[in-house]
Amino acid sequence: MTAATAQGPNAAELRADARRERLVLGALAAPGLLLIGVVALAPIAWLFWLSVRKGDSYTLEHYARLLHSSYAYSLQTTFELTFLVTAICALLGYPLAYLIAQARQRTAAILLLFVLFPVWTSLLVRCYAWLVLLQRRGLVNTWLADAGLIDLPLRLVHNFTGTTIGMVHIMLPFMVLPLYATMRAIDRDYVRAAANLGATPSQAFRHVYVPLSLPGLAAGIIIVFILCLGFYVTPALLGGGRVMTWSMQIERNVTYHSDWGAASALGVVLLAMALAIFWAVGRVIGFNRILGGR
Amino acid sequence: MGEEQRRDGEALRRVHAALNHGRTAVPARAPGRPRHIRTREAAIGEASGGERGSGLPISITGIGKAYGAFKALDDVSLDVASGEFLTLLGPSGSGKTTLLMVLAGFQRPDCGRIRFGDDDVTLAPPHRRGVGMVFQNYALFPHMDVAGNLGYPLRLRGLGRSEIEERVRRALDMVQLSGLGARQVDQLSGGQRQRVALARAIIFEPRILLMDEPLSALDKKLREEMQIEVRRLHRRLGMTTVYVTHDQREALTMSDRVAVIDKGRFRQVGGPREIYERPGSRFIAEFIGESSFLPVELRGCEAWAGGARLMLSGGVPAMASPLLVLRPEKLRVLAPGEDGAGLNVLRGRVDELVYQGESTLFYVELPGGARIAARQAASASAPALPGVGGEVALALAPADTILVPDDA
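Chains W and L supply the protein sequences, listed in that same order.
The opening position of the first sequence corresponds to residue 1 in the working numbering, with each subsequent residue numbered one higher.
The opening position of the second sequence corresponds to residue 1001 in the working numbering, with each subsequent residue numbered one higher.
Just so you know, these hints were derived from the structure itself, not from any lab.
Using N, Cα and C, we set each Cβ at its ideal position, and we do this for glycine too.
Accuracy of the hints is not assured; some may be wrong.
[What the hints assert, rightly or not] Facing chain W, a subset of chain L residues (Cβ under 7 Å, in silico):
(1) H1127
(2) L1156
(3) G1158
(4) F1283
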């Protein structure tokens, strides 16, 4: 801070001007910061507070209850679902994002529109649409039967399969968008340089393109993973009561049992898992690369 | 020379055969080692030992490339000799980079042939061409450190770890970056990146090196340093080099030969001195160096310009509307009383004076109204320049009196 010590004509005046500028910037950011504080940080603190209270005393009772087998089972279901959906999204999203990134500007815009279009439709509408498509006498089963591929209708919905299909559909854009942004920014000269140095197209892709696209993949995985962990609507509608996720346990505790303490404890665990995932991916890829540095 | 080329061609054919037929020619490979490509380098790189003259000649025949109605390359043909440093010089959009991309294999031409030595590589993919390339923005892999970048082409060729380390160390020494192997690319300065890019392009001892405006991102001083260094490396390693630039001074400084390209066609190909001293057209004279032009009137076998009859070293050439090329530094101010016998003398009034340190640039208005630029080196021995409005006589030696057709 050389400015702080500068002497001479106008030095004080210029310093005051710089200070004013910082204050104005701070004031402009204040509503946003306040909002984050009120709608995010305060409720989280309150949630945490509720999870360790019973009556007027502190307790770990709510957490101890989570060791019960029904919770363990729904935690396992949640994780299975989350891992599966994230993996399928990554497998489907990577080639899709690659295709869009390689396409010409105009084609890319149209393809992106297709990817984004579902996001603009209501979540409920999409879930019910899947219900219509996947049910016993739904379109998919009818087609498969008409084509002579199946004799009995497949159980595609009101179970884990249906939930997975619906969630992949809903999560895919969240995987494709960060991947596409990262891939679009990869200079094609890198791949050319690799080829020039003797790499076959597949080697150039594996040695150069994939590592450079990893931050986008990591960002996509984190977003999809964390969204999946707390997802409620799709498992509730397409799971048909057979897929009991962590978020449904929370809902059950609040609506049926009015047990805010237990619900809060579940919420805290969910938050901890989300942070753990973020930390784990960050350790592998590097936090600043995920958060957009470089 | 012929013997050597024949041998090189033979080796190259062997390598291509190895590349094309399931890599059967690769000698015993340790299990678990990365699958590697076999290139000419591995076969003959050691034998050639980086001696001058190990470059491969390039033959470009009838190359055309169009983007819609725009002809980026229009029936371009050129032979580059083994070990030659050829510069493709042209304004932006002239097709110089397209030609380089065709040589590297990144662009498929619409027609024509490219041969490296005896081999037709027109259809060869980039990774089988074995040419080194320095990209304009360097294209150093940001996810690898310096040693990783340099070692990458060697890793692809299946060299052992210790040999890679040794050759990376040697390459770093060669570009004066010893000990920087562990640096990340983003920790390097622009000049250092440039050196790493150069080292990466030559570490696998390619016999052809392509450079795409490699110095354009550097500041002037560093650029001039690197020009000398690139020349030095080229002399030492002797690979055939095709260098793309839009900087005419760089082209003159570095090249054995300059190919001036415009609108997808070669306008003139020749040594730097020839290109500068004997421009073949107005375009060349305008593009390379500073020039003023005076219309020339042909009267029988006499040529007149600026109110003077021109003495020509060659005689009056046959062209439709010739122009006299006037390079500012070729014009000498005659001292008062000097008659300029044996020289072409142009008289006029000083219109403007610009002091530029090492020289003074001044503009002279001739009686007909034409304005020409002249330059006088800052030296006490030169005759004093008159002020603005003063009379001045400028002398041009017949050998420097160049007439060109007006094509611009």
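The hints, checked one at a time:
Restraint check, L:H1127 versus chain W: the minimum CB separation of about 5 Å is within 7 Å; hint holds. Here the hint on L:L1156 is kept, as its CB sits about 4 Å from the closest CB of chain W, short of 7 Å. Among the interface hints, the one on L:G1158 is violated; its C-beta lies about 10 Å from the nearest C-beta in chain W, farther than the 7 Å criterion. This hint is violated: L:F1283 has a C-beta 31 Å from the nearest C-beta of chain W, more than the 7 Å allowed.
Hint compliance for this structure: hints 3, 4 are broken, all remaining hints hold.
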